[in-house]
Every structure is written in C-alpha cells, then in structure tokens.
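2 protein chains.
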Amino acid sequence: MGGSVGRVLMMLGIFTSDPDKVSVDSITLFVTLLCACIVIGHLLEENRWMNESISALFIGLGTGVVILLATKGASSRILEFDEELFFIYLLPPIIFNAGFQVKKKQFFRNFMTIMLFGAVGTGISFFIISFGAKEFFETFDMGYFELRDFLAIGAIFSATDSVCTLQVLNQDETPLLYSLVFGEGVVNDATSVVLFNAIQKFDLSDVNSRVVLKFIGNFFSLFITSTLLGVSMGLLSAYIIKKLYFGRHSTDREVALMILMAYLSYIMAELFDLSGILTVFLCGIVMSHYTWYNVTERSRITTKHAFATLSFISETFIFLYVGMDALDIEKWKLVSSSLGKSVGASALLLALVLVGRAAFIFPLSILSNFFKKAQSDKLTFKQQVTVWWAGLMRGAVSMALAYNQFAKSGHTKQPGNATMITCTITVVLSSTVVFGLLTKHLVRLLLLPSDHNRAMVSSEPSSPNSTTLPLLGYGQESEDVEMGRTVPRPPSLLMLLSTPTHTVHYYWRKFDNAFMRPVFGGRGFAEFVLGSPKEGSIH
Amino acid sequence: MGGSVGRVLMMLGIFTSDPDKVSVDSITLFVTLLCACIVIGHLLEENRWMNESISALFIGLGTGVVILLATKGASSRILEFDEELFFIYLLPPIIFNAGFQVKKKQFFRNFMTIMLFGAVGTGISFFIISFGAKEFFETFDMGYFELRDFLAIGAIFSATDSVCTLQVLNQDETPLLYSLVFGEGVVNDATSVVLFNAIQKFDLSDVNSRVVLKFIGNFFSLFITSTLLGVSMGLLSAYIIKKLYFGRHSTDREVALMILMAYLSYIMAELFDLSGILTVFLCGIVMSHYTWYNVTERSRITTKHAFATLSFISETFIFLYVGMDALDIEKWKLVSSSLGKSVGASALLLALVLVGRAAFIFPLSILSNFFKKAQSDKLTFKQQVTVWWAGLMRGAVSMALAYNQFAKSGHTKQPGNATMITCTITVVLSSTVVFGLLTKHLVRLLLLPSDHNRAMVSSEPSSPNSTTLPLLGYGQESEDVEMGRTVPRPPSLLMLLSTPTHTVHYYWRKFDNAFMRPVFGGRGFAEFVLGSPKEGSIH
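Protein chains in written order, with the UniProt record's numbering: chain A, 1 to 539; chain B, 1 to 539.
Same shape as in the complex, but just chain A (with noise of 0.2 Å):
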C-alpha cells in the first residue's frame, strides 16, 4: 500500500528506510484515520449504543482488514503497538487533563473509599487472577508458564483502565461514581508499579509476613512519593508563572510553561521509578486550582480546550491503534493451531476479571458505608453494582503491560506468550465493545430513572463542561460550580457538616486561604485577572 510512495521517499533521500522509524506514509495514514474517526464520532454522536472509542475501534479494525486484503496477508507490522509510544506519549496528556478538569471536591470527600479500591481492592483481585489462571491453565494445559508469569497475568489484567472509564462515565450525569472509578484507575496505576517491581525483586517462592509489610511499606513509600512530585511541579509552575508575570509579555509562554511542566512531571516521576499516572493526575489538579488562577484570561481559555484537545486527540489515537493492531497476522498464525485453546483461556480470563472485581467491590463498599455517617455518601447496591460493572473494561493499559511481559525481542515466537498476546487482544476488545456499549445503559436503568435524587444529590446541575470556564467572567463561574455544594445549599451544608471529611476541608480551606493562596496565586490572589496590560488595551 505504501511501498511505492515509500521508494519515491528513499529516492529523495530525506527519510531513511529504517524500520525502526516511523515512515511518512503511516504517519499519513494515521493522520487520516485520526480525522475520520473524529468526523464519525460527530456524527454518531446522537446515536445512544455508540461511543467515540468503540467508533475508533472499529474504524481500526476496518482499516486493518483492509491492510491485510492489500497486502495479500503478509504483514501489519507498520502498526505494530509500541509500549513506549504509549506511555511517554499519549497517556501522559490524557491522565493530566483528566486531573485539571476533574472536580476536585468530590474526588477529595472520596479519597477514602477511591483508596481503599484502588489499593486493597486491586490486590484483591490480582492475587483471584493469578491464583485462578495457575488453577485453570494447568487444567487446560496451556503452555509453560512461570509463577512469575501468572503474577503477571494478575497485574495486566486487575488494571481498570482510566482512559476507558473517562470515555463511559460522564463527570456530570454521574459524578460520585466517576470519581470512585476514575480515581481507582490513577491509585491502580501505582499499586500495579509496586507490584510489578515486586513481582521482578521479591523471592517469590517464600512469601511470609516481612514480604508483605515490605510490600505495603513500598505501596505508601511510592503512593508519597509520587504525590510530593506532583504537587510540587505543579505548585512550582504556580510559583514561577505567578513571579515572574509571564502574561505581560506572551500568553504563548505562559501555555508552554505549563504544557512542559506538567509534562516534566510525568517524565521525572518515570525516570525516579515513580507512579506517572499519579504524579501527572495530582500536578493536574494542584495546576487547575493554582496556577490556572495565575495566567492570562486568554490563557485560561487556551490552556483549558488545549489540554481537553490533546487528550482527545490521544484518546481516539489510542483506540485506533488498538484497534489496528488485533489483527497482526503473525500472532493469530502462531495460536491458529490452538483457537480452541485461546477463546477458552480468553473466556477464563474475563470470568476472573468480572469475579475478582466482584469480589472486592461489593466486601470494601460494606466497609466503606459503615465509617460514613451520612445516609447520602453511603454506596447503595444499585451504584455498587455499576462501580463493578463501570470498571471491568480493559483497554491499551493492559495492552501495553501485556506486550511489555509476553511480548520482548521476539518471544512471541513461543507459542505460550503469543497466546497470551491474543488472550489480552481478546480480552481487550470485547470488554471494551460489550462492557462500553453496555455501560450507559445500566446507569440509565439503575440510576437515572428510580433512583435519580439520590444520584443527584452529590451532582451539579448537568452542564456541560465547557460551560464551567468562564469566558467573560473572571474565573467566577467555574469557581461557582466547583463550590456549588458547600454555599448555597443548606440541606446539602449539614449534611457535610456532620461528616469529618468536612472538617478536613474546613481546615484545608483556612490554610489555603491564609497560606498557600497567597504564596502560589489562586482565585481572589491572582494578581493580573484582567488580562495582561498589553493585551488588556482591547477590553
């Protein structure tokens, strides 16, 4: 398809023929899928079973169909899925925009419960899925595997994937049950980091209760950590930005400042062996609640649809290249000889991810209700159900760690790790299809209709949530949203004020007032709200 504008490239001699580069006319045919999913996904957008992922994923399918017709089946290794791509690239972005448009405030009165599934429940269900693939692949007899792969297994596959639960959960429709699930996916990422080292550095085979303390004693060294980092950049970027006065000179610098900072964030926290995804979600929230405050109002626009623009941009890139690369032929050949073998160990797979999630949502909710006191924060089994049921897709997360585990310098060759490549290409796809598809449906039935007040009461009116950044005003509207609960709603006020969550709030506001507002900027000590003096001439 591409070989002869490939030669005509050689010929000029700009573009070398390395495999290992990325060729112009993939890049060209990426660019374009790019711009029809996002055209279809406009158009599909009224229709309810669709969503801009699942048309992504499909597009991608389509287009690999067709490479594989066009090459007479050869190859699709020109959109080979690339873990480093992946990581260093698009899921930096998305994470951190996740974090800088988030509601900070149900996300904070949370934190326990988003804690408590992100790392208790995610070991819970990676020790039912190692322990559940050792059993059964042994029974199926699958192939030579080590204990240390079927650890692997159990990491790859207890990662709820956060970029999918942002493409089915909306913020606004839903925002208690987005936060819980989203934010498990950010504290998963660093509990999978702390058990990924620890399946490489521990002895495995004598596990006792130093182990474990060592273990846990990890998890919260990392989990600080990766906090500090990315609070710090983040309020190291308010710091500058709010000293040096960027905006009297250039909104351009100000975007760049932040875009690269928050981008350092992420990048620092890989290269100290950090959690990224929690570093660059926690420099996010502390940019959007310090440093947003800081810059030009133009800034503040700019900054906001760019972040969500880049995002989406990688988000749709993500589900094209997923989608194109199930069907690598070289994969599906290695296991032809085993398709029974593989749609069983793919079914397995995907009974243990629906029963180890089942089995630490529904146990870690019981506890979560019986410390919270109010009637209103406690998880009902209708919102239990759709945190289980919102949080099973698997998407490019466990691609990405399943081509890392199974996949190094060709030794898919064995047929063992290739069919545990096309187990998680399985897995992936279908759950994403069917779980997605299905998801906004069962929010629709379980939620929305009968038990609408009570989803209600701990939501803002649903807006869009491009109506929370101000255009004219100055920061006033967003503020208000976001402050929404605790001002004007006296029901809603003490029922906050019995729980102790708000007076940790109380607390944290009086030292943000007194203290940080006043150092790193922030609503009300922002110091140049209306617009730098160069650009303020046009108001």
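Misleading hints may appear alongside valid ones.
[Stated by the list, open to error] Part of the chain A face toward chain B, derived, beta carbon under 10 Å:
(1) L43
(2) E45
(3) Y245
(4) L260
(5) E270
(6) I301
Just so you know, these hints were derived from the structure itself, not from any lab. Each residue gets a CB set at the ideal place from its N, CA and C atoms; glycine is no exception.
Starting from the structure of chain A, add chain B where the hints point.
Frame of chain A; chain B shown alone:
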C-alpha cells in the same frame, strides 16, 4: 549521567534499552532545559542584545559542555541531531503557525518579489556557492568530493532559514521586510526540493538547455501542486467544520480537526514528494481566512494561542538541539588533525553565502522596482541591505540537509564528510549568533529612525500580534487590522489604486465574497459566531 537511572528503568522493564529509541532520561533533560529556556528568555527579554533563539542556543551549548565533562568526553551521542524529528515533528508547527498568523495582504502584495527572490534568487545563490566551493576546495585540498557533493553544498547553504527569520524580524515593526524574507524562505523550500531532486536524478555531466527547461518546468509543477494541496486541505477543513457544525457539541473536536488537517497537509506533501513547507504555509493562510471564522469564539482563542505555543516550543527545541549537537565530540575528533582547514572552509563558505546572497538581492530588487509604479512599493537601498543581511542566517534546515547528505549511516568516518558537518555547524552557529544579534540593531539603525515614514507606509499601527485576536468581539478587530489599509486611509487607498496588484486584489475580493465565502465560511458568512448554543448559555 543518565546511566544509573537508565538501569533502574531497564529493571522496571517498561522501557527498553534500545539505543535507537528515545530514553526517559534524555527526555527529562530536554524538557527541563526547555522550561529553563522559557524562563531565561523571559527574564532576558528586555535585553536588546539577546533573543530567545540565541539564549536557547547558548543554553544548549552550555549543557553540551556539562555533558561532555560529566561523561569525561566520552560522547554526546544521546543528543544527536535527528533529521526525522526535525522535518516530521518540529518544522510543521512553526511554518503552519507562520501562515496562520501572517498578514495576508502584505504577503500577497509582494508576491512577485517574493517569487523572484525565492526561485530565481535561490538559483543564483546556489550556483555561486556550488562553483565557488568547487573552485576553492580544490585549491585547499579538502578531501575528495564529487560534483554532486558540491551541488549539495550549494543547495544546503542557499537555504534561508525561515525559523531564524521569524526570530529576528518583527512582523509589526517591519512588515514589508518580514514578508519578503520569510516568504522567500518558504518559496526557497520548494526550490530546494527541486534542486535536491535534480542533483540526484539528472545526468549532471551534460547540462544543456533541455535540462534547464526541464528543471524550470519541474519547479513550476512542484510549486503549483504544493499550492493546490495546501489550499484544498485548508478549504476542506473549512467546509467540513462549516457543514457539520462541530462547535455544537464540542470545541475540542473543532480544534483537534484543525490541528490534524493542518498536519495532514504537510505530511501528505512529504508523502507525494512535494514541498511540505509551502503546502503547510498555504494551508495556514487558508485556514486563517476561512476555517477560523467557522469555529466558536473559544476555539478561535484556543487555536490562535495553541498554534503559537506549539510553534514557540518547537522553535526553542530546535535552537536548543542545534546548540547541544554542535559539540558532538566524535566529529570534532575526526577533523582535529585538520582544524585549520575546517576553519578555513567555514570562513570560505560564510563568505560565499554573503556574496551569493548579495548577487541576487540587489539586481533582483532593481528588477522588481522597475515593475512597480508606486514609489512607496519600491525597495530603497537601505531596505535592500536589510533584506540581504536578515536572510544570511543558516539554521536547522541547513543542518538537517547537511546531515542527510554527509552523515548517512556512519558516513562521517570519512574525514571529508566529517569536515563538511563541522563546517555546517560552524556556519550555522556563527551566522545565527552574529547575524541574529545584529539584525535587530541593523533594522533600528537603517530603517526605523531615519526612514520611519517609509517603513511605516506599508505597516499597521504597531500592535502586538495578540491584540489582533478578538476576545469579546466578533472577530471584527482582527479583520479591521487586516483591512486597515484599504478602507480608512484615503492616501494609501489612492496609491494602491494605481498599482496592478490592487486590481487583482479587487477581483479576488469580489470572487471571494460571491463564491468562496458562502461555500467555505469566513468573516460574515460563519453561522455561529456567537458561540455554539451550549456554550452560548453563559453569555
């Protein structure tokens, strides 16, 4: 420096140790340096002797020294110049943004002069540098070079660097010179592609009139196809966004589509062997004339600033990159035995660049003045000197071409080739620093004080670019500035009437209003200027 951290990452197993791939530590270093460049550039802004690109260049050089010392002079390979990164990722945003923010009227008014400089002028400069180098290199015994190599040297050193031009000439202070030098750089790219093709395809031992005619034919077909591609991608984006009414659902989707389609125009041009720079520049012009008026107000602010920010980051990146790469120890070691020769060759090349540019700027300016009726449109001698001087810088484009020609697959092992690379680096560094630093002063000395009125004839009121952007209005201000010359100033209107350019412009406006704008949108024909219904609610 990054060794120990790299090992940690390999242990984590997420990032491979493949030397071809970028590693996390070099990304971290680079992003940190980019942030430093922005902050330092901001602090130095009031300094008349510095500009952002030169401070980035110095920071890059400084870091190169630190790395060399830290690795005890072992290597700086981690930061090697990569043409692919440059041509595929860094260059397109810069050129697109230049097209998007360019003052269209000024640009098209000088279209013929720009074409003369960019096409004929580059040809003249190419021949002078090629044959000058051939003549002198044989005298100095610089190692073995083919005729092809000398022609490549001509092509490399006759390329005016558009990126540098953006840094030293100010569109608001000297719009005429900016449009001439920058426009020349854009057309020059098309010429370079044709020259490079010609060098590799034609039989150079037998140059006759048929070959020259074929060459000229090639140039025009390349120029026209690149133009058509850029214009049609721009119009397509305008049509899609106008018809499908994207802003109704999401601003992010509009912005994403604009970014992706702009990039698509560039990468398609590269794919089809056309001039990507010319294509993406024209796509930027068309998008700012039609597409930009079809999107919501938030999207307008976002795109203006997001494109400028991307361009700003890329520019800083390039200068930092060139600065760091300049100290690649391997190449310098190779030429250390013949350092005198290398210095001599660099000086010779610089002299040839000076002469080659003078040889076409002055004659062609006289030719161009001859066809212009209005006195104000003619280039004075002082302006000619400034155009000559401001276009002397050689930058990253020259570096990339030189690497492509002389550093392919370890080819630098040959002393002659290594010398050419180090010569290019020397010429790039010295021309950027010397000409870059002095251009501002030259402009101030030659044009602004004494020649103030003349320089301002073709100038808008000196406003920063960002004020042309409407925050509250309907895009009125931006257009007012752009139209400033035709409508409210009778003297300059009269002058314009006497020139043929105006007639072309008059018929173009008629056609634009009668046919183009109703179909593709644009000022006055966009359907949702007030913002989409959803977003309009907050007004």
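Going through the hints against the structure:
Taking 10 Å as the C-beta contact cut-off toward chain B, the hint placing L43(A) at the interface holds, the least distance being around 7 Å. Evaluation of the E45(A) hint against chain B yields a held restraint, the C-beta minimum of about 6 Å falling below 10 Å. Using the Cβ-Cβ criterion of 10 Å, the hint placing Y245(A) at the interface with chain B is satisfied: the shortest such distance is roughly 9 Å. The interface hint given for L260(A) is met, as the beta carbon of that residue sits about 5 Å from the closest beta carbon of chain B, less than 10 Å.
Contact between E270(A) and chain B, as hinted, is supported at the beta carbon level, the nearest pair being about 5 Å apart and thus within 10 Å. Annotation: interface hint on I301(A) holds; nearest CB of chain B at approximately 5 Å, less than 10 Å.
Of the hints listed earlier, there is not a single one the structure fails to meet.
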